[in-house]
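I would like the entire structure built from these sequences, with the hints used as guidance.
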Amino acid sequence: MKRLLLLLASALVLDSCGPPAARNTGVYLLVDTSGSYNRQVGKAAQIALYTLTRLQSSDTIAVARIDTASFTEKDIIAKATFDDRPSTANAQKRAFASRLEKFVDQSPSASYTDITGGLLQAIEFLNEKHPARKEILILSDMKEELAKGYVRDVPLDFHGFDVVALNVTKLRADNFDPRLYMARLDQWRDRVEKGGGHWRVINDLDHLDGML
Amino acid sequence: MTLSNLLTITPWPAVSAALLLLLLMAALYFARGTAHQLLLAAAGALSRGLRVASHAVIHGQARLAARNREVLLAAGRESKERIVEREFTRVADTVRKDLAGYPDMHRRLSEAIQRIEEDQEKAAEVPPEAPGWAQAVKVVADLDKKNSSSEILSDIHKSLVKAHDEAMDLYRKGSGERHALLRRMMPDWRQIREALGHVGKSVEAVIGRSQTIDRHMQEYEAIVRGEDHAVSVLSSSSIVYFFISALVLAVATAGTAVNFTLIARPMAEMVGGTNFIGGFRTADIAALVIIMVEISMGLFLMESLRITRLFPVISALSDKIRVRMVIVTFLILLLMASIEAGLAYMREVLLLDEMATNALLRGEAAGSIAGSHLWITTAAQMGMGFVLPFALVFVAIPLETFVHSLRTVVGLIGIAVLNALALVLRLLGNGFRHLGALACRVYDLPLFVPLWIETRILAANGNGHATAATTEEAWKEARS
Chain A
0 MKRLLLLLAS
10 ALVLDSCGPP
20 AARNTGVYLL
30 VDTSGSYNRQ
40 VGKAAQIALY
50 TLTRLQSSDT
60 IAVARIDTAS
70 FTEKDIIAKA
80 TFDDRPSTAN
90 AQKRAFASRL
100 EKFVDQSPSA
110 SYTDITGGLL
120 QAIEFLNEKH
130 PARKEILILS
140 DMKEELAKGY
150 VRDVPLDFHG
160 FDVVALNVTK
170 LRADNFDPRL
180 YMARLDQWRD
190 RVEKGGGHWR
200 VINDLDHLDG
210 ML
Chain B
0 MTLSNLLTIT
10 PWPAVSAALL
20 LLLLMAALYF
30 ARGTAHQLLL
40 AAAGALSRGL
50 RVASHAVIHG
60 QARLAARNRE
70 VLLAAGRESK
80 ERIVEREFTR
90 VADTVRKDLA
100 GYPDMHRRLS
110 EAIQRIEEDQ
120 EKAAEVPPEA
130 PGWAQAVKVV
140 ADLDKKNSSS
150 EILSDIHKSL
160 VKAHDEAMDL
170 YRKGSGERHA
180 LLRRMMPDWR
190 QIREALGHVG
200 KSVEAVIGRS
210 QTIDRHMQEY
220 EAIVRGEDHA
230 VSVLSSSSIV
240 YFFISALVLA
250 VATAGTAVNF
260 TLIARPMAEM
270 VGGTNFIGGF
280 RTADIAALVI
290 IMVEISMGLF
300 LMESLRITRL
310 FPVISALSDK
320 IRVRMVIVTF
330 LILLLMASIE
340 AGLAYMREVL
350 LLDEMATNAL
360 LRGEAAGSIA
370 GSHLWITTAA
380 QMGMGFVLPF
390 ALVFVAIPLE
400 TFVHSLRTVV
410 GLIGIAVLNA
420 LALVLRLLGN
430 GFRHLGALAC
440 RVYDLPLFVP
450 LWIETRILAA
460 NGNGHATAAT
470 TEEAWKEARS
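In the order they appear, the protein sequences are chains A and B.
Residue 0 is where the first sequence starts when you use numbering that gives the first Met the number 0, and the numbers rise one by one after that.
Residue 0 is where the second sequence starts when you use numbering that gives the first Met the number 0, and the numbers rise one by one after that.
Check before you lean on any hint, since a few could be wrong.
Covered, in the sense of this in silico footprint (three residues per stretch, anywhere, with C-beta under 8 Å from a C-beta of chain B), are these stretches of chain A [said to hold, decoys possible]: (1) 48 to 55; (2) 83 to 94.
Only pairs whose alpha carbons sit at most 20 Å apart, straight line, appear in this in silico EDC-like list of lysine to aspartate or glutamate [claimed, not checked]: (3) B/Lys200 to B/Asp103; (4) B/Lys96 to B/Glu84; (5) A/Lys78 to A/Glu100; (6) B/Lys172 to B/Asp118; (7) A/Lys42 to B/Glu363; (8) A/Lys101 to B/Asp118.
Derived by calculation from the structure, the hints in this document are not laboratory data.
The beta-carbon is built from N, C-alpha and C at its ideal position, and this holds for glycine as well.
Right under this line is the structure:
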């Protein structure tokens, strides 16, 4: 009995002395700014603000745009890791919202859509932050258009990632042939799931409750 | 070897089956005695084992009951000692208070009585002096009748009237003085009556206390003698105290939860909102620690005031150190209460900040959440934050009652459980004993044919009586 108690006490002490398990969340929001989708930037801001309301202290968020060459830190519009103290975290959220407003007002339109580059950047960013839960939100029509010379045929490691495609709009061609739309989504699903990630599509932006 | 194989020992399965059945019956018949012994021995062993276990449990239950009785009596004795001690203290206080004032009261009574005596003496009625005209009458009588007697009589009349008036004046004056003296006695009488009334009340109070002490002493003596009635009364009281204290502790726990809610959020500002210790938020643990420290301080305060007696070490401290401890614990509590009030205010500020941020993120007007009456909730939270630590101090009283009554209640529950266990073991023991006999009968059931033949053969040989006796003996053995 004494041994058992000693064992339990030791386990408790070891549990409390060991490195604390991460419980935070990392969110990376990719916003398509190419062509006609640039009009949806307002919705991107709305989603980002909603995401901010759901995040807590120690969580990480970044908003980046998808343009011709998205595999770069320059495309990150705003990023923040919220402070441990709730009051400071609230101040950070307000500052983040302010930066987003500026982005919405001055968003330039891109000629091409480098989704893969954006995803690579998101994976790299979130892996650096080591959050317990990693979520990539993509606000795009999911039609990738690469400029000449850009190589994006690279394997993506989505292990531990939730990839959520938001507001995947139908293109004119999709309306003629819906199979194109479905094939496009299936292609991305395959790519994410083959990379070890979890894929979801949410088109109804009024019901984002299950997003985080 | 399967059943189909067994049925092929002869070319005819029916014959094979009959042969097998016959062999089986023969085997069972020849093994019958041993099988019966085995079944009865197994059942008997189980029965005896269970009965022994039942006896052991009953013995344990008796020991527990005796211990519980001792605990009850000890607790009752201690409680009565405290009550009697308190009653004696009250009597001592009453007597000390009255006796302290007794010399003064005695002096006042003596003075009042002396004054009354003096006034009474002064108020004694003085007989009026003899009228002065008697001598004049004598003079008149000695005079010659022929002289001017009428003039003399007139003079006498005048002097008589004058003397009468003077006497009446004197009498009135004397009566007035006596009445004044009697009036002066009135306050003294009242003073004496009040003093005697006070003495009467004090004496009645002391008599009342002495009757209470008598009653408690009788109960104490009954407890010391270990009377069953006293144990029964203590037992029922203990159960009542247990439930009442449990109820109060539940209320205190709810108060603790409210207190926790008040300070958990602002604690995140101090120790961080995302640190965890063993699966629990550090902020929550810190808030709980603060509340636990407050409760501990409350316990020490109550102990130092000798309201509770959970820690004999504190009760045994000298009065000087105890008073110091009271002051220190009270100051710590005051400090904690002030901190809690500050944290409660901080909570409101943080809540408003968070609400404003969320409203901004949702695109709502931040000002809509701010009302002119928010100061009421802020003040209420601060008030609760300040008052709750002091309210939690009184948890010590139900806690002490709970701890003391818990021993008795757990003992009573243990006795009930052991009683039930003993009953179940006894029932199982008896059941197994009868099960052994039943198993023998079930064993004999397929052997009714050879047994019938055996009975017939033995009857023919004149041993039927012996067989019946053997069967009866086996049955008795099984029942025993």
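query = Regarding the pair lysine 101 of chain A and aspartate 118 of chain B, is the alpha-carbon distance no greater than 20 Å?
reply = Between lysine 101 of chain A and aspartate 118 of chain B the Cα gap is close to 108 Å, so the pair fails against 20 Å, i.e. violated.
ask   = Does glutamate 363 of chain B lie within 20 Å of lysine 42 of chain A when you go C-alpha to C-alpha?
value = holds (16 Å)
query = Taken at face value, is the distance from the CA of glutamate 84 of chain B to the CA of lysine 96 of chain B at most 20 Å?
reply = Holds, at about 18 Å.
Coverage claim, chain B over the region 48 to 55 of chain A, checked by counting residues with Cβ within 8 Å (three needed) = holds (count 5)
request  = Mind checking the alpha carbons of lysine 78 of chain A and glutamate 100 of chain A for me, to see if they're no more than 20 Å apart?
outcome  = The given pair, whose Cα atoms are some 14 Å apart, holds under the 20 Å limit.
ask   = Would the pair lysine 200 of chain B and aspartate 103 of chain B pass a check requiring their Cα atoms to be no farther apart than 20 Å?
value = holds (17 Å)
ask   = If you look at each residue in the region 83 to 94 of chain A, do at least three have a Cβ nearer than 8 Å to any Cβ of chain B?
value = With 8 residues close enough to chain B, the hint holds.
message = Check whether the Cα positions of lysine 172 of chain B and aspartate 118 of chain B lie no farther apart than 20 Å.
response = holds (16 Å)
Checked against the numbered hints above, the structure violates only hint 8.
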